[in-house]
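Student: Sequence:
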Amino acid sequence: MTNKKIIETIQTYVSVSQIRQPEEKRKFWDQDEIQPILVPEEATTPLVGWAEIEAYWAQSKSIIATLNSTSSNHRVRTINPELAVTTYSMHWVAAMNEKTRYNGRTLAADVRVTALLRLRQGEWRFFHLMEGPVDLMTMAQQYASYDKPE
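Residue 33 in our numbering is what sits at position 27 of the sequence shown, and the numbering runs on without skipping anything.
Each hint should be verified, as a subset may be incorrect.
Cut-off 30 Å, straight-line C-alpha distance, at most; resulting in silico cross-link-like pairs (DSBU-like, lysine-lysine) [said to hold, decoys possible]: (1) 11 to 67; (2) 67 to 33; (3) 33 to 10; (4) 11 to 33; (5) 105 to 67; (6) 10 to 31; (7) 31 to 11; (8) 105 to 31; (9) 67 to 31.
Distance ranges between label pairs, derived from CB positions [as the list claims (entries may be wrong)]: (10) 113 to 150: 17 to 27 Å; (11) 112 to 8: 29 to 39 Å; (12) 88 to 68: 30 to 40 Å; (13) 150 to 110: 17 to 27 Å; (14) 110 to 88: 38 to 48 Å; (15) 8 to 110: 39 to 49 Å; (16) 41 to 88: 17 to 27 Å.
No wet-lab data here; the hints were simulated from the structure.
Bear in mind that the values here come from a model prediction, so they are computed numbers and not experimental data.
Ideal placement from N, C-alpha and C gives every residue a C-beta, glycine not left out.
Throw the hints in and build the complete structure from the sequences for me.
Tutor: If you want it as structure tokens, here you go:
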């Protein structure tokens with residue numbers, strides 16, 4: 007039951023990410039954690055602490071018009087009854103706002119995610135989440151399969 011509950015938490019978090027409301031996303035994080043860590047795929051350095059994470063979420067909200075994300079290949083390893091490490095795959099497609107340097111383009115990626123969650127008041131909550139790109143060979147194969155303008 008624990009693994010199922012953790013996977014449901016991940017899936018709900020990923021779906022909540024689509025509405026891009028930082029206050030909703032934060033509900034899935036351990037509120038008692040002083041230094042949560044978020045490492046988005048596109049970040050050059052880890053985001054440590056609420057101020058950095060919330061600034062990132064706010065910036066994302068301002069440059070992304072729409073976001074669709076799905077997660078799959080969930081793996082859960084329970085370290086103890088109140089701590090778990092998870093890995094999963096995530097696919098996202100973002101339509102960027104036109105008034106940004108991205109000029110309304112659509113960006114997409116497949117990433118691998120590793121996250122640590124703690125049990126808090128009966129609910130699993132993130133305190134560390136790290137995204138990373140898929141391996142280079144997979145990226146090259148995906149790029150080769152895209153239709154490119156002549």
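Student: Note whether the CB distance of residue 41 and residue 88 lies within 17 to 27 Å or breaks it.
Tutor: holds (18 Å)
Student: Between residue 31 and residue 11, does the CA-CA distance stay at or below 30 Å?
Tutor: holds (17 Å)
Student: Within 30 to 40 Å: is that where the Cβ-Cβ distance between residue 88 and residue 68 falls?
Tutor: Because 36 Å falls inside the window, the suggested range holds.
Student: Given a hint of 17 to 27 Å, does the C-beta separation of residue 150 and residue 110 actually sit inside it?
Tutor: holds (25 Å)
Student: Hint check: residue 67 vs residue 31, CA-CA at most 30 Å. Holds or violated?
Tutor: holds (12 Å)
Student: Taking 30 Å as the top limit, are the C-alpha atoms of residue 11 and residue 67 close enough?
Tutor: holds (28 Å)
Student: CA of residue 105 to CA of residue 31, is that 30 Å or under?
Tutor: Holds - the C-alpha atoms of residue 31 and residue 105 are around 25 Å apart, at most 30 Å.
Student: When you check the alpha-carbon spacing of residue 11 and residue 33, does it fall within 30 Å?
Tutor: holds (16 Å)
Student: Are residue 112 and residue 8 spaced within 29 to 39 Å by their CB atoms?
Tutor: holds (37 Å)
Student: Measure nothing beyond the straight line between the CA atoms of residue 105 and residue 67; if it is 30 Å or shorter, mark the hint as holding.
Tutor: With a Cα-Cα distance of about 13 Å, the restraint between residue 105 and residue 67 holds, given a limit of 30 Å.
Student: Taking the Cβ atom of residue 113 and the Cβ atom of residue 150, is their distance within the range 17 to 27 Å?
Tutor: holds (18 Å)
Student: Against the range 38 to 48 Å, how does the distance between the Cβ atoms of residue 110 and residue 88 compare: consistent or not?
Tutor: holds (45 Å)
Going down the numbered hints, you'll see the structure goes against none, and every one checks out.
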